[in-house]
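Given the structure of chain A, go ahead and fit chain B onto it with the hints provided.
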Amino acid sequence: MLDQSIIEQLEALVGKENVLTGKVDLVAYSYDATADLPRQTPDVVVLPTSTEKVQEIVRLARRNNIAIYPRGAGTNLSGGTVPLKKGIVLSFQKMNQILDIDAANLTAVVQPGVVINALNTAVAEHGLIYPPDPGTVATATMGGSAAENSGGLRGLKYGVTKNYIMGMEVVLANGAKVRFGGKTVKNVTAYDFSNLFVGSEGTLGIITELTAKLIPAPKYRRTMMGVFKTLTDAGNAVAGIIAAQVIPATLEIMDRMTIKTVEDFANIGLPTDAEALLLIEVDGMSEDVVTTEADSVMRVVTENNGDLKAAESDQERDSLWTARRNALPALASLNNTVILEDATVPRSRITDMLIICQEIGKKYDLTLGTFGHAGDGNLHPTILCDKNNEEEMGRMHKAVDEIFKAALDFGGTLSGEHGIGVAKMKYLGDELGQSGVDLMALLKESLDPDFLLNPGKMVPVRGN
Amino acid sequence: MAVTDKTYHDELAIVQEELDKCMKCGNCMAVCPVYGADKVESAVTRSKIAVAEAVLAGDLELDDPQVYEMLFNCLVCKSCMTNCPTKVNFDRIMLALRAALVRKNGLPWLKKAIFSTLKHPKLFDAGLRVGAAMQGLAFRSEKGGKAIAPRSPFTKVGSQFGFDDGRQMPSLNIMPLRDKVPEVVRAPGSTIKVAFFTGDSLNYFYPDAGKDLIDVLTANHVEVHIPKEQNCCGVPVLVHGDIDTVRKLARKNIDTMEATGCDYLITGCGSCGGAWQHDYVELLASDPVYGPKAQKWASKTCDISTFLTKVIKLRQPKGRIEKTVTYHDSCHLKKSMKVFVEPREIIKSIPGLTFKEMKAPDACCGSGGSYVISHYETASAIGQKKADDIKATQADTVSTGCPACMMQLLDNVNRCGGEQDVVHYISLLAESYRKEYSQS
Numbered sequence: 324m325l326d327q328s329i330i331e332q333l334e335a336l337v338g339k340e341n342v343l344t345g346k347v348d349l350v351a352y353s354y355d356a357t358a359d360l361p362r363q364t365p366d367v368v369v370l371p372t373s374t375e376k377v378q379e380i381v382r383l384a385r386r387n388n389i390a391i392y393p394r395g396a397g398t399n400l401s402g403g404t405v406p407l408k409k410g411i412v413l414s415f416q417k418m419n420q421i422l423d424i425d426a427a428n429l430t431a432v433v434q435p436g437v438v439i440n441a442l443n444t445a446v447a448e449h450g451l452i453y454p455p456d457p458g459t460v461a462t463a464t465m466g467g468s469a470a471e472n473s474g475g476l477r478g479l480k481y482g483v484t485k486n487y488i489m490g491m492e493v494v495l496a497n498g499a500k501v502r503f504g505g506k507t508v509k510n511v512t513a514y515d516f517s518n519l520f521v522g523s524e525g526t527l528g529i530i531t532e533l534t535a536k537l538i539p540a541p542k543y544r545r546t547m548m549g550v551f552k553t554l555t556d557a558g559n560a561v562a563g564i565i566a567a568q569v570i571p572a573t574l575e576i577m578d579r580m581t582i583k584t585v586e587d588f589a590n591i592g593l594p595t596d597a598e599a600l601l602l603i604e605v606d607g608m609s610e611d612v613v614t615t616e617a618d619s620v621m622r623v624v625t626e627n628n629g630d631l632k633a634a635e636s637d638q639e640r641d642s643l644w645t646a647r648r649n650a651l652p653a654l655a656s657l658n659n660t661v662i663l664e665d666a667t668v669p670r671s672r673i674t675d676m677l678i679i680c681q682e683i684g685k686k687y688d689l690t691l692g693t694f695g696h697a698g699d700g701n702l703h704p705t706i707l708c709d710k711n712n713e714e715e716m717g718r719m720h721k722a723v724d725e726i727f728k729a730a731l732d733f734g735g736t737l738s739g740e741h742g743i744g745v746a747k748m749k750y751l752g753d754e755l756g757q758s759g760v761d762l763m764a765l766l767k768e769s770l771d772p773d774f775l776l777n778p779g780k781m782v783p784v785r786g787n
Numbered sequence: 011m012a013v014t015d016k017t018y019h020d021e022l023a024i025v026q027e028e029l030d031k032c033m034k035c036g037n038c039m040a041v042c043p044v045y046g047a048d049k050v051e052s053a054v055t056r057s058k059i060a061v062a063e064a065v066l067a068g069d070l071e072l073d074d075p076q077v078y079e080m081l082f083n084c085l086v087c088k089s090c091m092t093n094c095p096t097k098v099n100f101d102r103i104m105l106a107l108r109a110a111l112v113r114k115n116g117l118p119w120l121k122k123a124i125f126s127t128l129k130h131p132k133l134f135d136a137g138l139r140v141g142a143a144m145q146g147l148a149f150r151s152e153k154g155g156k157a158i159a160p161r162s163p164f165t166k167v168g169s170q171f172g173f174d175d176g177r178q179m180p181s182l183n184i185m186p187l188r189d190k191v192p193e194v195v196r197a198p199g200s201t202i203k204v205a206f207f208t209g210d211s212l213n214y215f216y217p218d219a220g221k222d223l224i225d226v227l228t229a230n231h232v233e234v235h236i237p238k239e240q241n242c243c244g245v246p247v248l249v250h251g252d253i254d255t256v257r258k259l260a261r262k263n264i265d266t267m268e269a270t271g272c273d274y275l276i277t278g279c280g281s282c283g284g285a286w287q288h289d290y291v292e293l294l295a296s297d298p299v300y301g302p303k304a305q306k307w308a309s310k311t312c313d314i315s316t317f318l319t320k321v322i323k324l325r326q327p328k329g330r331i332e333k334t335v336t337y338h339d340s341c342h343l344k345k346s347m348k349v350f351v352e353p354r355e356i357i358k359s360i361p362g363l364t365f366k367e368m369k370a371p372d373a374c375c376g377s378g379g380s381y382v383i384s385h386y387e388t389a390s391a392i393g394q395k396k397a398d399d400i401k402a403t404q405a406d407t408v409s410t411g412c413p414a415c416m417m418q419l420l421d422n423v424n425r426c427g428g429e430q431d432v433v434h435y436i437s438l439l440a441e442s443y444r445k446e447y448s449q450s
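As you go down the protein sequences, you meet chains A and B in turn.
So the number in the working numbering is just where the residue sits in the first sequence, counting from 1, plus 323.
So the number in the working numbering is just where the residue sits in the second sequence, counting from 1, plus 10.
Don't take every hint at face value.
As the list claims (entries may be wrong) - Straight-line distance between alpha carbons at most 20 Å, and here's what the computed SDA-like set of lysine to any residue pairs gives:
(1) B/K31 x A/L360
(2) A/K339 x B/E387
(3) B/K31 x A/N658
(4) B/K49 x A/Q420
Unchecked claim - With the C-beta cut set under 10 Å, the calculated list includes, among others, these residues of chain A facing chain B:
(5) V350
(6) A351
(7) A358
(8) L400
(9) N419
(10) N649
(11) N658
Claimed, not checked - Calculated from the model, a selection of chain B residues having no Cβ within reach of chain A, i.e. all distances over 10 Å:
(12) D273
(13) H288
(14) D399
Simulated from the structure, these hints should not be mistaken for laboratory data.
For every residue, glycine included, the Cβ atom is placed at its ideal position computed from N, Cα and C.
Bound conformation, chain A alone (with noise of 0.2 Å):
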């Protein structure tokens, strides 16, 4: 419990309303979208307006030696919001203006607490889209996709997060401002801070604002689907595609298990004994080249004997969508939790993680179906368990463990798009090593030497 002082000196500071105490908004931060992780309830969770009183607060929570969890919609999957040491939430919600739209420089410029989607239509009246889509695009903020360094359905065409923050202003662990990046699509001034505090979960400094780039929206898209009898197919047809030199906007997969599950979900007419599906968009500003693509992507589609559907109409393209869309929410019907990974590999590896992932569920007689962005090498493996039960529990703990076991060994990574968070951190010495583990720490303590921000997130405690 924080000391009744602490507590009014932040009433003192950013408003009474903007400090909440009770029971049940304390439960109300003790959370987020993560499953399979303890909840810890905050002290207090606070809602800056300014950049100035999230100073004020830092300086006050570090002569408190208090710990500070900035926070923006807690839609994140890897506990990177969980108050674990207790402390203060700083919840960004309330700092949600678009401080600039700059057409002539294709850029934005906002606070933290802006949801994705509200910049998106706010630019989209210029022509202009922000392309990071992750799929809370709806609820999540730019901040908080920042600090995870989202990615989503587009990053093989678009990239993700990191190639869109142009700028910050950040607040540092010693309550100082640092301003950095800008307008200027060339930039080599000093270290790349952006690319320092993009991904680095709240656990280096608090973004109080940031410069995004905009890109003029594509004006034509098709949509097609390819059904497959053998993931070798499917394979084949992701390398076909690029070796066609064609970069779909959207390249998606989905294996067996997801196909019968949605199929089971939905009613939408998916063949339930395909081995892989795949959904490819293909967009851009000129209609030839996008008919072009469609057509390179088609051939191959049937080159490696998928059944080909190509939408015609937008009704037609949503009706592809359906299965996508329904991939994560037919899964998670099936069990009380769904555990969501990330494991990214090569594209060239994704029919071996793919394979693979479906036998550590036969292994260890798990309900997983696994789906994801195939153009990335961004896969979804997803178990899908009974929280009350502890014996299947430590079976889908072994499963992961082998999962990320396996993306490494083909070259790839933990995670493509989620973040480490507490979810992960245990596995971060297989893939960087003790010098990579100890670079990390050295990072963290020299920004946050008493770590104060986002404690026990990424890099442990010193001491724990």
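Frame of chain A, contents of chain B only:
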């Protein structure tokens, strides 16, 4: 009735399976109107589920003031349910919690608790009970006598709960609809007969819209039964956890409708229709006598727009109405009854009328029954957004399919200086038919 199998209305633990479906993904945040206004997590569905889990686990008490305050900071608009990937039936969770609270501490305690935040609850109650005779004293007439604004001294005592100078409510009509019309209105050449369940709002607050609905049916050669014995649908007491009363109302209403022997039951209110289509079935699931009857009437219940366009062939309106009209989707009409295409089809079929869709037509208007009274500030913030979206369409008329929304729209349109008329969409159709008759 001997309850053999309990429903979630009787036993809180039954909703555990709904709680387990929630992944805490947060998709509900995108559409929850209360969260949109308050911006704190305790307002949003997934947090209410987390709190429900804590209650069931024994970590929080249901009658803790913070817990029940959170429970009632919800419009039960079901917006979250339409955006939920795992299809959590959050309405069941909310109703089960509220019912459990009533079981634990009793209804009078709850009412007192909900309205304890209001400074003068008794006076508010008195204000609502101002009958038609008192109306002229307490309220001044505006907008052609169809809207009333509070007069002093109500303004002074009422400002704590929204009864300030700017508050507009529909007038409490001197004669309710069911006293105005006969119990059976025959139509020449009719081959189909329907029962019109008026609900309280169309009966007391908007009898003209109720009359329009009857006129439209007879113009389409449909015989209309309007039994005087019908009661409130019960949704207002259901959302306060008063399960005994709503079950009684449901059985009485079913008896009344059984006696008419009608082919269909027609509603002009999303909450009433939703009660017949879903709530009665769930409430009476373990009642061997009324359970099957509730099921039967659920399948016979249609919103008036569905009946006109899907069951019979709508008589095309010919009278021109030179108006620019927008349409607000009532939450219960769209999210519970799944009716949103049909009203638009009807509106667009009227000659001379220009239809303009507003931004986010299915965003809640903030009414939520007594929510607008117990949480006037939040409800107004939500309503303000709606009023701005209406204004942006430049329509002169805003139509909707639910009387509760009409009240809230009337208040908020007026508050942000809008000039739009607020009507039930069925009144537009009735007006077109009337024009046609007067011209021929």
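Quick rundown of the hints versus the structure:
For the hint linking B/K31 to A/L360, the alpha-carbon distance of about 16 Å falls within 20 Å, and the restraint holds. The straight-line distance between the Cα atoms of A/K339 and B/E387 is roughly 17 Å, inside the 20 Å bound, and the hint therefore holds. About 8 Å separates the Cα atoms of B/K31 and A/N658, which keeps this hinted pair within 20 Å; it holds. Between B/K49 and A/Q420, the direct Cα distance comes to roughly 13 Å. Compliance with the 20 Å bound is thereby established for this hinted pair.
Below 10 Å, beta-carbon pairs count as interface contacts, and A/V350 has one with chain B at about 5 Å; its hint therefore holds. Against a cut-off of 10 Å between C-beta atoms, the interface hint on A/A351 holds, since the closest Cβ of chain B lies about 4 Å away. A hinted interface residue such as A/A358 counts as satisfied when its beta carbon comes closer than 10 Å to some beta carbon of chain B; here the least separation is about 7 Å, so the hint holds. Restraint check, A/L400 versus chain B: the minimum CB separation of about 9 Å is within 10 Å; hint holds.
For A/N419, the shortest C-beta to C-beta distance to chain B is roughly 8 Å, which falls under 10 Å, so the interface hint holds. A distance limit of 10 Å between C-beta atoms decides the matter here; for A/N649 the minimum to chain B is near 8 Å, and the interface restraint holds. Among the interface hints, the one on A/N658 holds; its C-beta lies about 9 Å from the nearest C-beta in chain B, closer than the 10 Å criterion. With a least beta-carbon separation of about 31 Å from chain A, B/D273 lies farther than 10 Å from that chain, consistent with its non-interface assignment.
Every C-beta of chain A lies more than 10 Å from that of B/H288, the closest at about 21 Å, which supports listing it as non-interface. Its beta-carbon lying about 13 Å from the closest one in chain A, B/D399 satisfies the requirement of being farther than 10 Å from that chain.
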